[in-house]
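Participant: Guided by the hints, dock chain A onto chain H, whose structure is given.
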Amino acid sequence: MKGTNLGEFEELVLLTIAALVSDAYSVAICDELEKYTGRSAKLGVVHAVLNRLEEKGLVKSQLGESTSARGGKRKRYYEVTHAGKVALLKAKEIREALWRIIPGFNLEGSL
Amino acid sequence: MKTVNNRNVGPRNVGPQNPEPPQPPRWAQRLLAWYCRPDLLEDLQGDLHEYFERNLKTKGSRRARLIYCLDALKFFRLYTIRKPDFLNLFIHWIMIGSYLKTSRRSLVRNKLFSFINIFGLAVSMSVGLLIIALTTDLRSYDDFQVKKDRTYRVITTYKNLDQPAVDLASTSIKVGKTVQKTVAGVEDLTILRNGFSGDAHVGETVIPLNALWADRSFFKVFTFPLLAGDPATALKEPYSLVLAEKTARKLFGDINPLGKFVRFDTLNYVVTGVANDVPKRSHLRFDALVSFATAEAQFAKTDPNFYSWENVWQNYVYLVLPETSNPKSVQTALANLNTQENAALKNRSFTVTLQPLKEAALGRKLDNAIGPTMPPIVVWILGGLAFVVILSACFNYTNLSIARSLRRSREVGIRKLVGALKSHVLGQFMAESVLISLMALFFSFCLFLVLRTQFLALDPRIGTLVTLELSPRIILYFITLAIGVGLAAGFLPALFFARINALQVLKDVTAISLFRHISTRKALIVIQYTLSLVFIATTLIGYSQYRGFIAFDLGFTTENILNIRLQGNKGNLLSKKLAEIPAVRAVSQSMMITSLGSIHGTTMKYQDPNDSAMVWLNQVDEQYLPVHNHKLLAGRNFTLRPKKGEEREVIVNEQVLKRFNIAQGNPEKALGQFVTADGQKLAIVGVLNDFHYGSVDRKIEPVIFRYSSEEPWGYLNVKIAATDLPATMASIDNAWRTIDKVHPLDAKFYDDQLEEAYSQFSVVLKVIGFIAFLAICIASLGLFGMVVFTTETRLKEISIRKVLGASESGLIYLLSRGFLGMLAVATCVALPVTYFFFDRVVLTNFAYHQPIGLSNLLLGVAIVMALAFLLIGSQTVRAARKNPATVLKSE
Numbered sequence: 004m005k006g007t008n009l010g011e012f013e014e015l016v017l018l019t020i021a022a023l024v025s026d027a028y029s030v031a032i033c034d035e036l037e038k039y040t041g042r043s044a045k046l047g048v049v050h051a052v053l054n055r056l057e058e059k060g061l062v063k064s065q066l067g068e069s070t071s072a073r074g075g076k077r078k079r080y081y082e083v084t085h086a087g088k089v090a091l092l093k094a095k096e097i098r099e100a101l102w103r104i105i106p107g108f109n110l111e112g113s114l
Numbered sequence: 011m012k013t014v015n016n017r018n019v020g021p022r023n024v025g026p027q028n029p030e031p032p033q034p035p036r037w038a039q040r041l042l043a044w045y046c047r048p049d050l051l052e053d054l055q056g057d058l059h060e061y062f063e064r065n066l067k068t069k070g071s072r073r074a075r076l077i078y079c080l081d082a083l084k085f086f087r088l089y090t091i092r093k094p095d096f097l098n099l100f101i102h103w104i105m106i107g108s109y110l111k112t113s114r115r116s117l118v119r120n121k122l123f124s125f126i127n128i129f130g131l132a133v134s135m136s137v138g139l140l141i142i143a144l145t146t147d148l149r150s151y152d153d154f155q156v157k158k159d160r161t162y163r164v165i166t167t168y169k170n171l172d173q174p175a176v177d178l179a180s181t182s183i184k185v186g187k188t189v190q191k192t193v194a195g196v197e198d199l200t201i202l203r204n205g206f207s208g209d210a211h212v213g214e215t216v217i218p219l220n221a222l223w224a225d226r227s228f229f230k231v232f233t234f235p236l237l238a239g240d241p242a243t244a245l246k247e248p249y250s251l252v253l254a255e256k257t258a259r260k261l262f263g264d265i266n267p268l269g270k271f272v273r274f275d276t277l278n279y280v281v282t283g284v285a286n287d288v289p290k291r292s293h294l295r296f297d298a299l300v301s302f303a304t305a306e307a308q309f310a311k312t313d314p315n316f317y318s319w320e321n322v323w324q325n326y327v328y329l330v331l332p333e334t335s336n337p338k339s340v341q342t343a344l345a346n347l348n349t350q351e352n353a354a355l356k357n358r359s360f361t362v363t364l365q366p367l368k369e370a371a372l373g374r375k376l377d378n379a380i381g382p383t384m385p386p387i388v389v390w391i392l393g394g395l396a397f398v399v400i401l402s403a404c405f406n407y408t409n410l411s412i413a414r415s416l417r418r419s420r421e422v423g424i425r426k427l428v429g430a431l432k433s434h435v436l437g438q439f440m441a442e443s444v445l446i447s448l449m450a451l452f453f454s455f456c457l458f459l460v461l462r463t464q465f466l467a468l469d470p471r472i473g474t475l476v477t478l479e480l481s482p483r484i485i486l487y488f489i490t491l492a493i494g495v496g497l498a499a500g501f502l503p504a505l506f507f508a509r510i511n512a513l514q515v516l517k518d519v520t521a522i523s524l525f526r527h528i529s530t531r532k533a534l535i536v537i538q539y540t541l542s543l544v545f546i547a548t549t550l551i552g553y554s555q556y557r558g559f560i561a562f563d564l565g566f567t568t569e570n571i572l573n574i575r576l577q578g579n580k581g582n583l584l585s586k587k588l589a590e591i592p593a594v595r596a597v598s599q600s601m602m603i604t605s606l607g608s609i610h611g612t613t614m615k616y617q618d619p620n621d622s623a624m625v626w627l628n629q630v631d632e633q634y635l636p637v638h639n640h641k642l643l644a645g646r647n648f649t650l651r652p653k654k655g656e657e658r659e660v661i662v663n664e665q666v667l668k669r670f671n672i673a674q675g676n677p678e679k680a681l682g683q684f685v686t687a688d689g690q691k692l693a694i695v696g697v698l699n700d701f702h703y704g705s706v707d708r709k710i711e712p713v714i715f716r717y718s719s720e721e722p723w724g725y726l727n728v729k730i731a732a733t734d735l736p737a738t739m740a741s742i743d744n745a746w747r748t749i750d751k752v753h754p755l756d757a758k759f760y761d762d763q764l765e766e767a768y769s770q771f772s773v774v775l776k777v778i779g780f781i782a783f784l785a786i787c788i789a790s791l792g793l794f795g796m797v798v799f800t801t802e803t804r805l806k807e808i809s810i811r812k813v814l815g816a817s818e819s820g821l822i823y824l825l826s827r828g829f830l831g832m833l834a835v836a837t838c839v840a841l842p843v844t845y846f847f848f849d850r851v852v853l854t855n856f857a858y859h860q861p862i863g864l865s866n867l868l869l870g871v872a873i874v875m876a877l878a879f880l881l882i883g884s885q886t887v888r889a890a891r892k893n894p895a896t897v898l899k900s901e
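If you're matching them up, the sequences are chains H and A in order.
Sequential numbering of the first sequence, starting at 4, is according to the working numbering.
Sequential numbering of the second sequence, starting at 11, is according to the working numbering.
Careful, some of the hints might be misleading.
Stated by the list, open to error - EDC-like, lysine to aspartate or glutamate: derived pairs with alpha carbons at most 20 Å apart: (1) A:Lys84 / H:Asp34; (2) H:Lys59 / A:Asp49; (3) H:Lys63 / A:Glu52; (4) A:Lys84 / H:Glu13; (5) A:Lys69 / H:Glu37.
Derived from the structure by calculation, the hints contain no laboratory data.
Next up, chain H with everything else stripped away, as it sits in the complex (with noise of 0.2 Å):
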C-alpha cells in the first residue's frame, strides 16, 4: 500500500473521476463503475477507496453546493491531482509496454 501504486480497482475509480470530470461523487462513480465494468460496486468500498486515494494524493476533494435531494446533504466531488494523473498515465505505460512485448501468436489462438 505504500507509495502510488495502483491496486487494479483503484485505478479504476480514478480512471473513473478523471472521466467524469466535475460531476465525480461518491453515488455517481459507482453507478459509473457499475455501467463499464459490469460488477457491482458497493458504496462503501468505493469510499474506502476513494479515501485512500485521497490520503495517497492522487484525488483530492471538496464539498459542493448544497441542495434540496440527499436529505439536504452536500456531495463531495471529487478530482484527480497531478499526481494522480501522474500515476494514471505511468500504470498505462506500463501496460502498454508490456502488451508490446508480447509475442502475436499467443494471445491470439484464444480469443
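Facilitator: Frame of chain H; chain A shown alone:
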C-alpha cells in the same frame, strides 16, 4: 454523464408529491452520526440518503430501509471512525498549562476582584469545612464496633394520657429478658443499666467511678477488647467488676488487678477483667463495668418494680442480628410484645422499637441518652447556614466574573478564532474557577483551624462530643467541597464566555451583550442582601430573647447565692462549718436548684380523691424562703423540723390553689387546708407568690415546697456578702475539705448557673451571629466589587456629564440610585419574612418571650445599610470627583 445527472434529479421530483415520504431508520442515522468522523459525516449521510430514495422507488420502503441499515453498518471502517473523546480530553490536558497561565494573569491583573473572590470563598468555605468535620466526626461514632451494622438498640416511647409522648433511649429489663427467651433470630443480646455511681476504694486510694451494669453478653455485642480476663465469664458472677485500663492503673498501679478487690461503700467487688480504654468516639462511655447479676442481687428483691414493663428509665437493651436476618422480623415480635403488655395498662403505653446503633450518636433526640448525642436537625441547620453563606460567595464570583467579561471577552474571541470549541472555553473557565476555589481552600483551611478551637470552646459539651480531628478522609471531603464550590461558582460565567460570538467580539468589544445579564446580577445582589438582613435580624431578636431569659424575673432572688452540691455529704455538718465564715449571711438546704431546667414531679390530691394532678416539688428547709426572698402571700414559713415520717406541713404557690380550686384561690382561706402529696397528708401553712420552677420557656405551673428531715439533701444554698469573693471562696473551700477529702468542691453561683442553663441558646446565638457576620461581609464585598466595576465602566460617561455641567451630588445620585433600589427591595422582603417567622413559628414555643422589638429589626437594617452606604458612597464620590480632563484625555 447526463444519465447520472438525471437519476440524481429523480428523487427530488418525487419528494413534493408525497407529503410524508418514508424516512430511513432513525437508529441507523444516529449510529452513523455517532461513530463517523465529523468531516466525513455529511458526505456519507448524503450518499446513504440518495441510495435510500433510489431504492424506495425500485425496491419498496422495507428493502430500502434494510439496505440503508446494512450500508450504515458497512461504512463502519477504520478511517470513518471518529477519534475517541478521550483524545479531545487529552488535548484539553495539554491546554491546561495555557489555561493556568491566562488564569494567573487575569488574577494578578484584577487584584481587587481576585481578593474579593478568594477571600469570600475562603471565609464561607471555612464554615463548610467545620460542618464537614463535625458530621464526619459524628458519623464515625461507634465505627470501632465490629458488628455496628447489625447492632440495634431497643428504644421506648412513653405516652401518658393526653400528654405529649416522650421518646426514651432506655427501656425495661423485661423487654431484654423476653426477647432473649422468646424471639428467634437474635444472635446476641445484652442488658445495661446506668446509675451505678460511687467511690472505688482500694486501700487508701479513693476514686470516683462512672460505671455501668452490664450483663454477661456485653462483650459479644460490643467490641471492647479485654487486656486481661475472659470476656465470656468476666461479667457472669455477682459482684464482679471489669475495669478500664486507665482506671485499673489509677487504682492498682502496675500490679495485676485480676482477682483483687475494690470496695464500694461496704461491698467488695472482685476484678475479673481489664478492658481497653473506651475509644473517644463511642456512645457508651464507662470507667468500669459491674456485672448485671449484681444489680439483680441488690434490687430485684427490694424493688418489686425492678423487672416491670413500666420500669423503663434506667435500662438499655442492645441486640445483634445475624448477617442474613432482617430487623423487620424482630420489629414485628416487639410490636406483638407491645400490644400484649400494654393491654394491662390504663391510660399509659410503652412502645418499644429498634434503633440502629448507627443512629445512637447522630440520631433522633431521645431522653435518657446513655452517651453524647447530637440531633441531626442541628447539623442540618448548621449545614443549611453554611450552604447559604457559600452560595453567597459563589454569587459574588458569578457576578464579578460576568461583570468583568468585557475585559476577557477579547481573549476568548481569539481563542475561539484559533479553533477553541465551546467546550474548550467552558473547560477553561471552569478550570479557572476551580483553581481559585482551591486557592481559597488553602486560606479557608487556615481559618478552619482557628474556627475549630473557637467552636470546641463554645461549650464544654461540644468538646466531649467531637474532636474535629483531621483524617485523610476529611481532607478528601474538603477538596471535594472546594472543587464543587469552584464548579458551582464558575458555571454561569463559563457558560456566558462559551457562548460569546468570536467574530462579533473582535470586531467590536462593546457589541457583547453585557447588560443583558444585568437583571440576573441585580437579583443575585438582592438575594444576598435579603439573606444578610434576615440573619442579622435573627441574631438581634435572638439576643434580646436570650437577655430576657437571663434577666427574667423568676419571682425570687438569685443574687449572691452560691449553690454547693453536697455529693453525698451531710448538709448540717457543712452548714455549721460555713456559718463560721463571716462573709456567709445565711445557709439553706434544698433537694434541687429550680429554674435551671430540671424538674421533679409528684402526684397530689385535694378533697376529690379522683382528681389527682402532677405538681412540681422541691424539698427545702426553713432557711430556704428567706435566702431566696420568696414572697409569702399568706401564712408562714416552716418552723419545726419534723422527724422522719412525721412531716405535716407544705407550702404551695398560687397555681396550686387555682389548679385544685382550694378556697376559691384565696390565699388566706387556703391556710390549714389539707392536701395529699405522694400519699402523705399535709396542711398548707403558707401560700407563695407564683415563681418559675422549670425552664423559662415553660408556663408557671403548680409547685409545692415540702419540709422533711430526710437526708441526704442535694444542695446547700449559701447567701454570701459580695465583698472579697476570692477570700470567701477560699474559706468555703477549706470548710468543704474538712468534711470531704475525696471530691473537689462543686460550687456555682446561681446567676452563673442560670446563664449556663441557657448556654445552648447562647451557643446557637453565637453561631448564627457569626454566620450573620460572614454573610454581611460577603454581601458587602460583592456589593463593593459591583460598585467599583460600575463606576469604572461609567467613568467616561460621568466625565462628559461633568464637563457638560452636572453637579457632584447629581452624579452621586445617578451612580448610587440603582444600588439603593436593590437594597430597598431586599429590606422589603427580609423584614416581613423575619418578623413572621419569629412571631408565628419560633416564639410560639416560648411561653414568656419578649415582644419582637421593631427596634431589633430596624437596628439590623440600619447596620447593614450603613455599611452599604459607606461602600457605595466612597466609590461614587471618588468617581464623581475625578478630574474629567484626565479621564477623557486618556481615551
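Participant: State for each hint whether it applies.
Facilitator: Quick rundown of the hints versus the structure:
With a CA separation close to 18 Å, the supplied pair Lys84 (chain A) and Asp34 (chain H) stays within the 20 Å bound. A distance of roughly 18 Å separates the Cα atoms of Lys59 (chain H) and Asp49 (chain A); the hinted pair therefore holds under the 20 Å criterion. Proximity of Lys63 (chain H) to Glu52 (chain A) is assessed by CA-CA distance (about 17 Å); at most 20 Å being required, the pair is judged to hold. Taking the CA atoms of Lys84 (chain A) and Glu13 (chain H), the gap is about 19 Å. The hint holds against a cut of 20 Å.
Between Lys69 (chain A) and Glu37 (chain H) the alpha-carbon distance is near 18 Å, which keeps this suggested pair within the 20 Å criterion.
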